[in-house]
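Colleague: Residue numbers (my numbering), protein chains in the order written: chain G, 1 to 372; chain W, 1 to 269.
Hints listed in this document are in silico derivations from the structure and should not be mistaken for laboratory results. Misleading hints may appear alongside valid ones.
Below, in silico cross-link-like pairs of lysine to aspartate or glutamate (EDC-like), each with a Cα-Cα straight-line distance of 20 Å or less [stated by the list, open to error]: (1) W/Lys143 to G/Glu285; (2) W/Lys182 to W/Glu205; (3) W/Lys12 to W/Asp55; (4) W/Lys182 to G/Asp288; (5) G/Lys263 to W/Glu253; (6) W/Lys5 to G/Asp288; (7) W/Lys258 to G/Glu260; (8) W/Lys143 to G/Asp288; (9) W/Lys143 to G/Asp39; (10) G/Lys263 to W/Asp55; (11) G/Lys263 to W/Glu214; (12) W/Lys182 to G/Glu60; (13) G/Lys118 to G/Glu108; (14) G/Lys321 to W/Glu214.
Covered stretches of chain G, going by a simulated chain W footprint (3 or more residues, C-beta under 8 Å) [claimed, not checked]: (15) 31-40; (16) 78-91; (17) 289-298; (18) 303-316.
Partner residues aside, some chain G positions facing chain W, computed with beta carbon under 7 Å [what the hints assert, rightly or not]: (19) Ser9; (20) Tyr66; (21) Tyr144; (22) Leu266.
For each residue, glycine too, the CB sits at the ideal point set by N, CA and C.
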Amino acid sequence: MTPPPAPGSSLWMPKPALQTLIDRLRADGYDVLGPRMADGAITLAPLRSVDELPRGVRDEQQPGRYRLTLADDGGYFDHVVGPHSLKPLVFPPRTTVLQVLRVRNGWEFRTPDPPRPKQAVLGVRACDLHALAIQDRVFLGGAYRDPEYAARREGLFLIAVNCARSAATCFCVSMNTGPAVTGGADLILTELANGFVVGVGSARGASYVGGMGERPPTAEEEAAAAAIPQRAAAQQTRRINTATVHDTLLNNLEHPRWAEVAKRCLSCANCTMVCPTCFCSTVNEVNDLLGTQTQRERVWESCFNEEHSHTASGAVHPTTKSRYRQWLTHKLATWIDQFGTSGCVGCGRCITWCPVGIDITEEVAAMEGGRA
Amino acid sequence: MHPQKPRLAVFKFASCDGCQLSLLDCEDELLTVAEQVEIAYFLEAGPADSSGYYDVGLVEGSISTPHDAERIRAIRAQCRYLVTIGACATAGGIQALRNWGDVEEFAQHVYARPEYVRTLATSTPIADHVKVDFELRGCPVNKHQLLELIAALVWGRTPRVPRQSVCVECKRRQVVCVAVAKGVACLGPVTQIGCEVICPQYDRECFGCFGPKEYPNLISLGRRYQRDGHDNGHLTRLVRSFNGYAPGFRTVEKVLAKNNHSSSPQPSE
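Kindly produce the complete structure, drawing on both the sequences and the hints.
Modeller: See below:
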């Protein structure tokens with residue numbers, strides 16, 4: 001038996017090996033999730049067979065618009081990011097963080113053990129890996145670690161894919177988060193016509209390759225694989241100037257553009273919900289009619305909802321204008337002050353999934369003075 | 001627990017009874033409800049103690065007759081807390097379509113002897129007639145919100161009923177947006193959460209059953225749908241259903257017409 005490939009090395013593997021990889025992960029108790037076509041989108045869903053992958057399906061994305069097109073031939077990963085990110089896998093939309101039971105002499109408090117699912121995700125993109133790294137800082141960095149996030153994060157096996165194209169809404173190049181995967185995954189695939197070039201990202205990833213018809217990639221295959229994300233990068237038209245955005249936003253808190261965007265903004269919270277880094281939640285105490293049981297439930301919340309900033313004297317952000325400004329300045333400026341990185345990875349989901357197509361890059365450009 | 005259980009009454013005005021049924025539909029919890037509150041007046045379920053004071057009156061239905069306009073005042077006087085339940089009571093209901101029509105003409109078409117019918121020209125929410133302490137939206141109301149309301153009453157706290165958009169719940173459930181992915185005119189972004197997103201989960205648009213969310217931006221959403229080729233007639237009918245007369249939705253026709261003539265900034269391409 002040959003020793004497993006070292007992290008950092010790369011291999012070529014034939015396309016049918018992808019099924020073997022899925023089978024091995026499933027045999028080890030992983031729930032394998034991957035891109036699947038459902039409800040008119042590429043969703044992240046349980047995956048058993050490579051036949052379930054959206055082969056030849058491309059996503060056309062524009063502000064407020066998402067459509068799929070089907071080709072007769074094509075690769076398994078011709079699409080880019082859909083509505084779903086890794087976020088719900090590590091930060092579930094709804095979870096119980098505390099249970100309180102009435103007992104004879106008072107109350108008993110129980111912290112439920114966090115679930116420890118083993119989840120393997122196929123087809124993760126560079127932007128979403130960067131988003132996960134940002135979430136790691138939020139949920140695991142500093143003095144307070146989120147136990148559920150930690151448990152779920154530990155069980156995550158990530159098979160990344162280098163993007164072969166960009167959607168019109170992508171701007172990861174300017175955020176320096178893609179499209180080439182530079183780390184953070186167990187395995188990194190680049191899809192070629194005749195197979196995959198596989199980058200080994202971790203020792204755990206290495207343990208799943210071998211014996212599937214692999215061989216060292218040829219120089220031509222290496223060059224072809226390297227060219228693929230470069231081609232995707234060249235397709236991007238949107239960008240944010242990361243060198244200036246922090247000061248631009250914070251020096252323009254009274255810019256007329258905030259009031260203008262507030263006229264278009266629905267304050268519906270879609271941007272924050274699809275954002276792979278937005279982490280806000282609220283906790284609700286849910287008690288039964290008898291008053292014998294109370295559960296503290298944590299649910300996804302958004303700075304676009306009035307209740308989010310509710311205090312005894314009212315909402316801190318009572319208007320759409322102040323909520324949009326809070327979101328954008330936090331995402332692109334004060335996030336840097338708080339966590340040392342931007343809160344944006346350029347995935348473009350907030351642009352695509354905004355029902356009225358508000359474009360974060362255009363709003364920043366307007367603040368820059370380019371377009372008002 | 002309580003020296004005296006809170007006395008609950010359920011009253012019906014112009015409505016289909018669906019919201020009251022939501023209370024009876026609390027099958028597993030119904031016995032507990034009956035233990036925790038005294039169901040004093042609830043004709044559909046049996047009790048009819050009309051002797052007087054109630055701690056909370058749940059009111060279903062809208063005001064559509066002169067008689068009901070009087071009756072709601074008497075009921076208000078009997079209830080410590082008056083809570084409206086459902087789209088009819090909170091917004092006038094589907095029958096508020098008459099508010100844009102000619103009731104006399106409708107009556108001529110429907111009734112053999114319209115002169116026997118005594119009705120108002122409008123169907124209006126309860127809050128247009130008396131002070132309302134709390135409202136539960138929906139067509140029908142959500143059973144869990146109803147139980148939350150009763151639990152809050154029993155335990156003396158404010159009921160928790162979120163007012164954000166339907167989109168929030170769609171996204172929590174990872175439902176693909178029908179407006180963005182299918183180009184369907186969906187009312188989710190302007191509608192209050194509470195329905196557990198039944199329609200989008202079945203690939204249908206939101207019909208606004210829970211009425212306007214906090215700050216519904218009908219102007220911007222309407223402009224987007226108009227730009228996508230949805231005509232004003234379709235959009236007006238979509239908004240003017242169960243909650244068409246709700247303050248946030250009432251002006252839809254004017255909003256759309258104004259959008260057509262407006263020079264205000266267009267959403268970006």
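Colleague: Now look at each hint and say whether the structure bears it out.
Modeller: Do the hints match the structure? See the list:
| no. | hint | in the structure |
| --- | --- | --- |
| 1 | W/Lys143 to G/Glu285 | holds, 18 Å |
| 2 | W/Lys182 to W/Glu205 | holds, 10 Å |
| 3 | W/Lys12 to W/Asp55 | holds, 17 Å |
| 4 | W/Lys182 to G/Asp288 | violated, 40 Å |
| 5 | G/Lys263 to W/Glu253 | holds, 19 Å |
| 6 | W/Lys5 to G/Asp288 | holds, 16 Å |
| 7 | W/Lys258 to G/Glu260 | holds, 18 Å |
| 8 | W/Lys143 to G/Asp288 | holds, 14 Å |
| 9 | W/Lys143 to G/Asp39 | violated, 28 Å |
| 10 | G/Lys263 to W/Asp55 | violated, 43 Å |
| 11 | G/Lys263 to W/Glu214 | holds, 15 Å |
| 12 | W/Lys182 to G/Glu60 | holds, 12 Å |
| 13 | G/Lys118 to G/Glu108 | violated, 31 Å |
| 14 | G/Lys321 to W/Glu214 | holds, 14 Å |
| 15 | 31-40 | holds (count 3) |
| 16 | 78-91 | holds (count 3) |
| 17 | 289-298 | holds (count 3) |
| 18 | 303-316 | holds (count 4) |
| 19 | Ser9 | violated, 36 Å |
| 20 | Tyr66 | holds, 5 Å |
| 21 | Tyr144 | violated, 23 Å |
| 22 | Leu266 | holds, 4 Å |
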